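The listed protein sequences correspond, in order, to chains E and P. Going by this note's numbering, the first sequence opens with residue 1, and the numbers climb by one from there. Going by this note's numbering, the second sequence opens with residue 1001, and the numbers climb by one from there.
Be a bit skeptical, because a hint or two may be false.
Now the in silico label distances, taken between C-beta atoms and shown as ranges [claimed, not checked]:
#1 P:D1183 / E:A133: 23 to 29 Å
#2 P:V1092 / E:F120: 31 to 37 Å
#3 E:G117 / P:R1080: 51 to 57 Å
To spell it out: a stretch of chain E is covered by chain P in this simulated footprint if at least three of its residues, at any positions, have a beta carbon under 8 Å from a beta carbon of chain P; those stretches are [stated by the list, open to error]:
#4 162 to 172
#5 212 to 222
Here's a subset of chain E near chain P, in silico, CB distances under 10 Å, partners left out [unchecked claim]:
#6 L44
#7 L175
#8 L179
#9 V270
#10 S272
Read the hints as simulated data drawn from the structure, not as lab findings. Small disclaimer: the values here were computed from a predicted structure and weren't measured. Even for Gly, the Cβ is constructed at its ideal location relative to N, Cα and C.
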Amino acid sequence: MIFAALRVLGLLAAAPLVGGVVTRVKSRLAGRTGPPLLQPYLDLRRLLSKGAVLGHPTTWVFRAGPIVSLAAAAAATLLVPLGGGPALVAFPGDFLLLAGLLGLGRFATALAALDTGSSFEGMGAAREIAFGAFAEPALLLGLVVLARAAGSASLSGVLGPGLAASWPIAGPALLLATLALFAVALAEGSRLPVDDPETHLELTMIHEVMVLDHSGPDLAFVGAAAHLRLAILGALVSRLALGAAPPGLLPSPVALGAGLLAFAVAVGVVESTTARLRLTRVPQFLVAASVLSVLALVLLLR
Amino acid sequence: MTSAIDLVLVLVVVLDLVVLASSRLRGAIRTVALQGALLSLLPVLLATGGQAPLHVLLLALGALVVKGVAIPGLMLWAMREAAIRREAEPIVGFVPSLLLGAAGTVVAFSLSGALVLPAPGRQALLVPAALVTAWAGLLLVMTRRKAVAQVLGFLVLENGIFVFGLLIADVMPVMVEAGVLLDLFAAVFVMGIVMFHINREFSSLDTGRLTHLQD
Chain E
1 MIFAALRVLG
11 LLAAAPLVGG
21 VVTRVKSRLA
31 GRTGPPLLQP
41 YLDLRRLLSK
51 GAVLGHPTTW
61 VFRAGPIVSL
71 AAAAAATLLV
81 PLGGGPALVA
91 FPGDFLLLAG
101 LLGLGRFATA
111 LAALDTGSSF
121 EGMGAAREIA
131 FGAFAEPALL
141 LGLVVLARAA
151 GSASLSGVLG
161 PGLAASWPIA
171 GPALLLATLA
181 LFAVALAEGS
191 RLPVDDPETH
201 LELTMIHEVM
211 VLDHSGPDLA
221 FVGAAAHLRL
231 AILGALVSRL
241 ALGAAPPGLL
251 PSPVALGAGL
261 LAFAVAVGVV
271 ESTTARLRLT
281 RVPQFLVAAS
291 VLSVLALVLL
301 LR
Chain P
1001 MTSAIDLVLV
1011 LVVVLDLVVL
1021 ASSRLRGAIR
1031 TVALQGALLS
1041 LLPVLLATGG
1051 QAPLHVLLLA
1061 LGALVVKGVA
1071 IPGLMLWAMR
1081 EAAIRREAEP
1091 IVGFVPSLLL
1101 GAAGTVVAFS
1111 LSGALVLPAP
1121 GRQALLVPAA
1131 LVTAWAGLLL
1141 VMTRRKAVAQ
1151 VLGFLVLENG
1161 IFVFGLLIAD
1171 VMPVMVEAGV
1181 LLDLFAAVFV
1191 MGIVMFHINR
1201 EFSSLDTGRL
1211 THLQD
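Using the sequences plus the hints, can you model the full thing?
Next up, the structure:
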């Protein structure tokens, strides 16, 4: 219990570092030095020390958006078994709650964007919800595949010590599910083939355009929630990918750290080597991820 | 060994879906070449020791050379000659054809248990993978407009038949297999000539233009 709580605190603390590592990998591959690894922490501290500016047409929905999305992401960390150990909260069917909390965070951000009445932010919210609708089947089907492979309806049972035993039996299905969940992580984390975290052209932005009106602590909350979502899915995907190793090979904090590092490097490499998809091609990318999950499920149900 | 075969067959099915979803013809040709190279591994992996090793090696090498190198090379050459880059607008879009492919996968896996086979229970994944690959090939032949993509569909269809043929590789003489590979090579060669003529006549490879009669 204590260790599970410590791991959750570790993930909460390390989440911005994942983004920092991704940026560093991208910079290095592009031949630049890049910002310091701890830059996301400095950004969050700078934003937290500022005051927030609220637009005239905004209501409480606008102020609640960042808080709800950060709270949902923080609650989701409690459900994910980190580094192979059990999660802090586990019950049968908790993977549905995980998908629901990720969806709630997206919903709150989109609602806050719509509340500003800005046409650009409405466009961003429409895109985020549309792509979210394509990403969710892939996420849910991927999690169902994992549950089916492990014969357990709880994430702690799925990604716990039993994972090493299900890899030799259901290897191809788990591999496909890993790929599908990695694609979902790229979409949920607003990463490159789906969304460019660095663009500042309103016509092409998705996540960033929704938070144009947020400032100060609100923007810090939105940023922290985005870091946390990427870290949660990173912990999930990396645990799944590294689960083939025999249990007890690495103590769980080391496994969690190594997994997150490998995930961040993988995201950085993907971001450096792919171009952003045209907006009309993004649903195709996410449908392909869903199809991979369906294929994995078919392999298991055979 | 079984897990390696399973992995190869799953990759073959994934590559089917990749070909269905890709709009760039050059990438699609490379994907089909990769699929052919993967398929050439299968005779070696499936060998039970009952057959002559020379037979297995010849089959694998023949598949690798014809499916993985020669035909894709010919098609890339034809694309360079015809100067076309991508499938403009297929009759069925890329996302619907991907979904159709996924539906075909589900049907193939659920139906394959009902088939009566000469060598039952040898490889559970072999039959569904063959059915999915043949279905993907048929979809490509039916729904794409460009002649290059249709030839690709024919290749994928033949890959499916090749997987199915591996079920009875024990009893199939090597000459029959060599004949199939040679037929395929000849068919692609003829299609290359047809493509060349379509391209010279209409300065495009859109087969839709063939439906209109002209003097």
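Taking the hints in turn, this is what the structure says about them:
1. P:D1183 / E:A133: 23 to 29 Å: Since the Cβ atoms of P:D1183 and E:A133 sit about 47 Å apart, the hinted range of 23 to 29 Å is violated.
2. P:V1092 / E:F120: 31 to 37 Å: For P:V1092 and E:F120 the Cβ distance comes to about 35 Å; the hint holds.
3. E:G117 / P:R1080: 51 to 57 Å: Given range 51 to 57 Å: holds, Cβ gap about 53 Å.
4. 162 to 172: Check passed, 3 qualifying residues.
5. 212 to 222: As far as the region 212 to 222 of chain E goes, the hint is violated, because 0 residues have Cβ atoms under 8 Å from chain P.
6. L44: Violated, about 39 Å.
7. L175: 8 Å, holds
8. L179: Holds, because the Cβ-Cβ distance from E:L179 to chain P comes to roughly 9 Å (cut-off 10 Å).
9. V270: 17 Å, violated
10. S272: It is violated, given that the least Cβ distance between E:S272 and chain P is near 19 Å, above 10 Å.
In this structure, the hints that do not hold are numbers 1, 5, 6, 9 and 10, in rising order.
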